[in-house]
Amino acid sequence: MLAPGRAKPKPTPETKHFWDGCKQGKLLLQRCGDTGKAYFPPRPFSPYTGTRNVSVFEASGRATLHSYVIHHRPVPGFTPPYAIAVVELEEGPRMMTNIVECEQTPEALQLDMRLEIAFTPMDEEITLPLFRPAKGGR
Numbered sequence: 001m002l003a004p005g006r007a008k009p010k011p012t013p014e015t016k017h018f019w020d021g022c023k024q025g026k027l028l029l030q031r032c033g034d035t036g037k038a039y040f041p042p043r044p045f046s047p048y049t050g051t052r053n054v055s056v057f058e059a060s061g062r063a064t065l066h067s068y069v070i071h072h073r074p075v076p077g078f079t080p081p082y083a084i085a086v087v088e089l090e091e092g093p094r095m096m097t098n099i100v101e102c103e104q105t106p107e108a109l110q111l112d113m114r115l116e117i118a119f120t121p122m123d124e125e126i127t128l129p130l131f132r133p134a135k136g137g138r
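In UniProt numbering, the protein residues as written are 1 to 138.
Keep in mind that the hints are not guaranteed to be accurate.
Here are the in silico distance ranges between beta carbons for each label pair [stated by the list, open to error]:
| # | residue 1 | residue 2 | range |
| --- | --- | --- | --- |
| 1 | Thr105 | Asp34 | 37 to 47 angstroms |
| 2 | Ala3 | Thr49 | 37 to 47 angstroms |
| 3 | Thr105 | Pro44 | 39 to 49 angstroms |
| 4 | Tyr48 | Val86 | 11 to 21 angstroms |
| 5 | Arg132 | Lys23 | 37 to 47 angstroms |
| 6 | Pro81 | Asp34 | 40 to 50 angstroms |
| 7 | Pro106 | Ala3 | 14 to 24 angstroms |
| 8 | Pro76 | Asn53 | 36 to 46 angstroms |
| 9 | Val75 | Thr35 | 31 to 41 angstroms |
| 10 | Asn53 | Glu124 | 29 to 39 angstroms |
| 11 | Pro41 | Gly5 | 15 to 25 angstroms |
| 12 | Arg94 | Gly25 | 29 to 39 angstroms |
| 13 | Arg52 | Pro81 | 34 to 44 angstroms |
| 14 | Pro4 | Phe57 | 13 to 23 angstroms |
Everything labelled a hint here was simulated from the structure, so no lab data went into it. The beta carbon of each residue, even a glycine, is placed where N, CA and C say it ideally should be.
Start from the sequences and build out the full structure, keeping to the hints where you can.
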């Protein structure tokens, strides 16, 4: 359950498909039509070539923990301690998120640990793509 007071993302025309997908339980990424590379965050052009030849696809929702910091100070919408993490999606892009459903300690949060998406409703409009340890561990 999310703590009250957390800042709410504001979808834009460029990110609406991403937030709509999260609400439906789908992690939607974009792919450059020229290179075939996936990218995040959403934008109407490829960060690799600048082309507008891009497509949207459903990602696996699997990732590995690339980096993190454990935040210990109170911030509206968060209950310390909590992990601010960068995960590397199976498809290649990295995204900033929070790790949930595990202890927020260095012992529990091992770099390269396998993760899976945990869609977490914020309200009726926004669902956040958080991550939890994958079933089956490393």
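Going through the hints against the structure:
1. Here the CB-CB span from Thr105 to Asp34 is close to 43 angstroms, well matched to the stated 37 to 47 angstroms.
2. Judged by the Cβ atoms, the range 37 to 47 angstroms given for Ala3 and Thr49 holds: they are separated by roughly 41 angstroms.
3. Look at Thr105 against Pro44: about 40 angstroms separates their beta carbons, and that is inside 39 to 49 angstroms.
4. The hinted range of 11 to 21 angstroms is satisfied by Tyr48 and Val86, whose Cβ atoms lie roughly 20 angstroms apart.
5. A hinted range of 37 to 47 angstroms for the beta carbons of Arg132 and Lys23 is inconsistent with their spacing of about 19 angstroms.
6. Evaluation of the 40 to 50 angstroms hint for Pro81 and Asp34 yields a pass: the beta carbon distance comes to about 43 angstroms.
7. Roughly 22 angstroms separates the CB atoms of Pro106 and Ala3, a value that falls within the hinted 14 to 24 angstroms.
8. In this structure the hint that Pro76 and Asn53 lie 36 to 46 angstroms apart at CB holds, the actual value being about 41 angstroms.
9. Here the CB-CB span from Val75 to Thr35 is close to 38 angstroms, well matched to the stated 31 to 41 angstroms.
10. Asn53 and Glu124 have their C-beta atoms about 35 angstroms apart, which keeps the hinted 29 to 39 angstroms range intact.
11. Hint check: Pro41 to Gly5, Cβ distance near 24 angstroms, so the stated range 15 to 25 angstroms holds.
12. A hinted range of 29 to 39 angstroms is violated for the C-beta pair Arg94 and Gly25, which are about 21 angstroms apart.
13. Arg52 and Pro81 have their C-beta atoms about 42 angstroms apart, which keeps the hinted 34 to 44 angstroms range intact.
14. For Pro4 and Phe57, the Cβ-Cβ distance of about 34 angstroms falls outside the hinted range of 13 to 23 angstroms, so the restraint is violated.
Hints 5, 12 and 14, counting from the list given before, are not met by this structure.
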